[in-house]
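All residue numbers for the sequence shown refer to my numbering, where the first residue is 73 and numbers rise by one.
Worth flagging that the hints you see were computed from the coordinates, not collected in a lab.
Treat each hint with caution, since some may be false.
Claimed, not checked - Quick list of in silico lysine-lysine cross-link-like pairs, DSS-like style, CA-CA up to 27 Å:
hint, residue 1, residue 2
1, Lys-149, Lys-163
2, Lys-108, Lys-148
3, Lys-181, Lys-149
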Amino acid sequence: MFKYLLLLVLVVAVANAGRGDGRGGKAKDRAKAAAKDAAREEVRDRAEDVDRDAARERAKEAKGKHGKAVEGGLLKKKVLRKMGIPVPSGKGMIALQACADAPFGESPKMNKIKPGARAKYYMCAWVNFHANIGDDKASPDYSDDQEEIDSRFDLFRTPVQNLR
C-alpha cells in the first residue's frame, strides 16, 4: 500500500512539474511582447498625426516655472554676453527679456527677492541695471575677468537687499 501511495505522489509531482512554469512562463512572455508591440504602434500612430507646425510654434514659446508662459522669453548667458552684460558664475544665471526692457530701477522680479536669497534671484535686477545704465555712468569693461564680475555682483546684491 505504501508503494502505491508513493507511486501516486510521484506521478502527481511529475505531472505538476511538466505544466507549471514551463508553458505558463512562455505564454506570459509572449503576452508582454505583444503588449509592447501594440504600445509602440500606438505611439507611432500618434506621432504621425501630430501637427508639426503647431508643435514647433508651441516649442518656441518660452516656458517658466510650472509650465507658465514667460513674457518676452529668456535671456541665457550667451545672449546676455552679446548684449554686453557681464554674467556672474553660478547656476541659474539667466534673466527674462522683461528685465532688460523695464525702465531703470523697476526690475519686474524685485518683489521675489527676500533677505538671504540665492544669487539667481538678483539676476533680473543685475540685467536691468546693466541694460539701462548709460555709457556716461558705466564702469570700465571688466567682462573678461570672471573673478571681478563675481565680486561686483556680490557688491551689487547689498544695495538691492537694502531697497527691499
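Status of each hint after checking the structure:
Restraint check: the Cα-Cα separation between Lys-149 and Lys-163 comes to about 10 Å, which is no more than 27 Å; the hinted pair holds. A threshold of 27 Å between alpha carbons decides the hint, and for Lys-108 with Lys-148 the separation of about 40 Å lies outside it, so the pair is violated. For the given pair, Lys-181 sits about 18 Å from Lys-149 by alpha-carbon distance, which is consistent with the 27 Å threshold.
Figure legend: structure checked against the earlier numbered hints; the only hint not met is number 2.
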